[in-house]
Amino acid sequence: MFERRLYFHIDWLLIGAVLAICAMGLAMIYSTTGGAGRVYWTQVYALGLGLFAMAVCLLFDYRSLADKSHWLYLAMIAALIGVLFFGSVRGGSRRWIDLGFFNLQPSEFAKATLALMLAKMLGESRRPAVTNNDLLIAAGLTALPLLIIARQPDLGTAVTLLPILLVIAFVAGMPMKYIYAMALVAVLAAPIGYKFALQDYQRERISTFLDPAQDARGAGYQQIQARITVGSGGVWGKGFLKGTQGQLRFLPVAHNDFIFSVLAEEQGLVGVLVALGLYLFVILRALDAARLAKDRLGAYLVLGVLSSFTFQVIYNITMSAGLAPVKGLTLPLMSYGGSSLIATLAGFGLILNVRMRRFTN
Amino acid sequence: MAIAEDRRRLDIRLTVLQVSIAVAFGLLVCGFWFFQVVQHPKFKEMAENNHQRTLTLRAPRGIIYDRTGRLLVENRNSFNISIVRKHTKDIDRTIRVLAQVTGVEEKMVRDIVDRNRREPSYRPIVVLTDATLAQVAAVTARRLDFELPDVIVQEVPTRRYPDQSMAAHLIGYVGEASEDQMASDHVTTGSIVGQFGIERVYNKLLMGEDGARRVVVNSVGREIRSLEELPPVQGRRVQLSINYAMQKAAEDAFHGYGYWGSAIVLEPKTGDVLALTSLPAFDPNAFATGIDRATWNALNTDKLRPLQNRAIQGRYSPGSTFKIVVATAALEEGLITPERQIFCPGGGTFYGRFFQCHKAGGHGYVAMREAIEKSCNTYFYTVGNMLGVDRMHKWSERLGLALKSGIDLPNEVESIVPSTEWKLKRNGERWYPGETISVAIGQGQLSVTPMSMAVMMATVANGGTRVVPRLVTAVDEGKGWQPVEQQPSPFAPFVLKPETLSAVRDGLWLAVNGAGTAGRARIAGRDVAGKTGTAQVISLQGKERARGSKVDLRDHGWFVFMVPKDKPELAGVIFVEHGEHGYYGATIAKHIIQTYFAQRDGLPLPPLPPPPVTSPAPVRAAVVATPVAEGR
Chain A
1 MFERRLYFHI DWLLIGAVLA ICAMGLAMIY STTGGAGRVY WTQVYALGLG LFAMAVCLLF
61 DYRSLADKSH WLYLAMIAAL IGVLFFGSVR GGSRRWIDLG FFNLQPSEFA KATLALMLAK
121 MLGESRRPAV TNNDLLIAAG LTALPLLIIA RQPDLGTAVT LLPILLVIAF VAGMPMKYIY
181 AMALVAVLAA PIGYKFALQD YQRERISTFL DPAQDARGAG YQQIQARITV GSGGVWGKGF
241 LKGTQGQLRF LPVAHNDFIF SVLAEEQGLV GVLVALGLYL FVILRALDAA RLAKDRLGAY
301 LVLGVLSSFT FQVIYNITMS AGLAPVKGLT LPLMSYGGSS LIATLAGFGL ILNVRMRRFT
361 N
Chain B
1001 MAIAEDRRRL DIRLTVLQVS IAVAFGLLVC GFWFFQVVQH PKFKEMAENN HQRTLTLRAP
1061 RGIIYDRTGR LLVENRNSFN ISIVRKHTKD IDRTIRVLAQ VTGVEEKMVR DIVDRNRREP
1121 SYRPIVVLTD ATLAQVAAVT ARRLDFELPD VIVQEVPTRR YPDQSMAAHL IGYVGEASED
1181 QMASDHVTTG SIVGQFGIER VYNKLLMGED GARRVVVNSV GREIRSLEEL PPVQGRRVQL
1241 SINYAMQKAA EDAFHGYGYW GSAIVLEPKT GDVLALTSLP AFDPNAFATG IDRATWNALN
1301 TDKLRPLQNR AIQGRYSPGS TFKIVVATAA LEEGLITPER QIFCPGGGTF YGRFFQCHKA
1361 GGHGYVAMRE AIEKSCNTYF YTVGNMLGVD RMHKWSERLG LALKSGIDLP NEVESIVPST
1421 EWKLKRNGER WYPGETISVA IGQGQLSVTP MSMAVMMATV ANGGTRVVPR LVTAVDEGKG
1481 WQPVEQQPSP FAPFVLKPET LSAVRDGLWL AVNGAGTAGR ARIAGRDVAG KTGTAQVISL
1541 QGKERARGSK VDLRDHGWFV FMVPKDKPEL AGVIFVEHGE HGYYGATIAK HIIQTYFAQR
1601 DGLPLPPLPP PPVTSPAPVR AAVVATPVAE GR
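Residue numbers (my numbering), protein chains in the order written: chain A, 1 to 361; chain B, 1001 to 1632.
Keep in mind that the hints were calculated from the coordinates and are not lab data. A few of these clues could be false.
Said to hold, decoys possible - Derived pair list, reagent style SDA-like, types lysine to any residue, alpha-carbon separation capped at 20 Å:
id, chain 1, residue 1, chain 2, residue 2
1, A, Lys238, B, Ile1224
2, A, Lys242, B, Ile1224
3, B, Lys1086, A, Pro252
4, A, Lys238, B, Met1046
5, B, Lys1089, B, Met1046
Please build the complete structure, drawing on both the sequences and the hints.
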């Protein structure tokens, strides 16, 4: 099943860029956690596991994977429900399955699974354009894991499932009028949702985002500190291990949600441009894979995986600069987090898979 | 066809995605550029304020010594507990916990924090000064537990006055700078500056320069490392003209005899103040770490007015001591010779009114020396009448009894010796010649400070040179002791005629060593020359009316002196509040003078002599029914 010639179609540039980002992330984790400690080594092991997962995802033809997507989807739903009941609780939410040596976060794997499921469903359809029926089913398939994850509660990860649905539907030919309608509904519903749907702490985060100074010690604190961290870095940065905001813990969870702020502090605008360049390269290169894909299934799969990745990257970096409300969204490939890293690398395995098999039948 | 169209749509929509992503990244780059380049300076400063804490290292104030090198004021270390709001997460909790562990009123801490609300949040607010070791230990333990990351304990040098209230009015006290002082002294909030006495007047010298230490702290306020340290510069050492032994002798004597009052001893040649006391006094240690409200209120409302420096702020009628001025003036003006005899029948009639002498039968014929010795009123009524009030005023000013002495202490009040012009200006009334008669014996509208009295004695002792009393003799600017240059006297020099000097000095010597009232100051071989005086607190009629009230109406007693008579080394004044007459003053002066000579000659310091036996001498009214004696 793995023919030798496929080896030559692996996108080594993409892999190189992904690994470069992972390396920057490791360096920042090293810096913010005070050297090669437990957190650092966990990330190193996760990187190894992630590369293994990537290889596994490369190994099988994505079409045969897609054929089994409904089973994968069911397994994912089962795992998510299992977490709700048996997961371990940390920081007030139930997101992890304790495997003893490792805390697995199934929601991270939900993204690639959902992408596979939706790609299969909409990509294998024989009709040239999606029907309303298709869209409804796709929405339902997305809503199910989304609601379960939101119950953990982990609104951040739950929201990352939405771009998968939207982007796949978009490229699958969803009529533009739906898109306009959705935009309109979003604008109208925002105030109502703000008032009724959100929890107090979520409302607080949003209102302090609009005016951080109103609560400089509470919810606005992280945002102000994020801006100080980024702004004080300047063009050249304070130097590796020399950042004060991250090193002295003025910025909370610096190795996690705010790792990009620390990068900006220690490596300056130069480091930011390098990192942004790498991310942009990775994303555009993956988009290429979608363009080159042999079939719609492949293209949709790539876009599904890529959409949640891109959404998370852009949102997290915006938040790192204190320009978006603080949400528990990590920066894929860079932030500390084993499940996220493994799942992301596995996702890239799927992207590479599509590109690699663009000539096969 | 369908496939191709499908493909085209996919391509278009992919391009839309591509462009949107590129735009998003472009916006991100703009955002980072804005923060990291345009607003970099602002954020850089904010980051520094975050993790750097500048701690003021308070400079120890300069040490103060007496003229013999004995230490009068030094510093000790005390602990201040402060809140740095920069590191506060919840100020209410911090205040509550801090108040609880240190056992102080929560409200007090809150008031202090509220009062300093406007200060920059990185500047520590001192909420507890001079904390006890137990309080320090309690806070430090909590701090390590990360419970009070925003509370710091600082060791600060604090003023210590080892002799407590001794010379308190002279040395003064320190306290937190007021708004005005922050501007005038160029200091910041919370700085300790001199507030009174020498501490205030020589604050610039004594204060030194505060240092600073910049440290790196983490988000929970723990110090990580020191960045730089600017050590404080201690204030200059200052040597006072005060002689500790004499100062102590003066205060011991007052305390020993149970009187309040004031004593000043000058070195006539230089104007050096050898002793200056005002009693009752206060303990400047109470101010050193911030005086508490209760003590402050008690000091301010005390009827005895312990905060008043009687030496330069108390004004009293000079009584018979004024006769020295009258005698000097009359001789210098050439109105009489020292040998001119005047008959005292026990009083005299001037301007249609009879003025009494204190000796019922009269002194008979008296010349200048005997008149001073026996303090003969009739003699001085006559001479004063010849002089007129304006010439008495002129000589008072020349000798230093009128106006201010110019001593380097704040808030000195002017001494008043009336003149026709003064009365016209003050009351809009012309001078009645009859008033001159009572002024001639120091009654009437004279109102002088002990300091001006001391200066007058020094001027007579100097034979005419009026000096400005001074308190600082040497300053160490860091290169060893440098004597303070003697300022040339700002007063027009004049020379008293030798016969004036010898007559006045002889008279004063006789008052102590002859038949005078000041015999209690006599010291064998020391030729003390002096004169007692009585300052009426209230007229005799007033005394009758006030009989039975609780107000102390006993007269004040004066004793002025110079010693030795011919080449005076000391000149001074003892003012005994409600001492009734000059006896106590003379005894106190004797103790100070004996102490001076014993110290000079290297002998053991003398013990305090027993209190004078005051025979219930008939206190006769010197003046009967003068218009001015009615306490207006």
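* Take a quick look at whether Lys238(A) and Met1046(B) sit within 20 Å of each other, Cα to Cα. => holds, 15 Å
* Would you mind confirming whether the straight-line C-alpha gap from Lys242(A) to Ile1224(B) stays at or under 20 Å? => holds, 13 Å
* Regarding the pair Lys238(A) and Ile1224(B), is the alpha-carbon distance no greater than 20 Å? -> The hint holds at about 18 Å.
* Asked: Within a Cα-Cα threshold of 20 Å, do Lys1086(B) and Pro252(A) meet the stated pairing?
  -> Roughly 17 Å separates the two Cα atoms, so the pair holds.
* Asked: Does Lys1089(B) pair with Met1046(B) here, judged by a C-alpha cut-off of 20 Å?
  -> holds, 17 Å
Violated hints are absent here; each numbered hint is respected by the structure.
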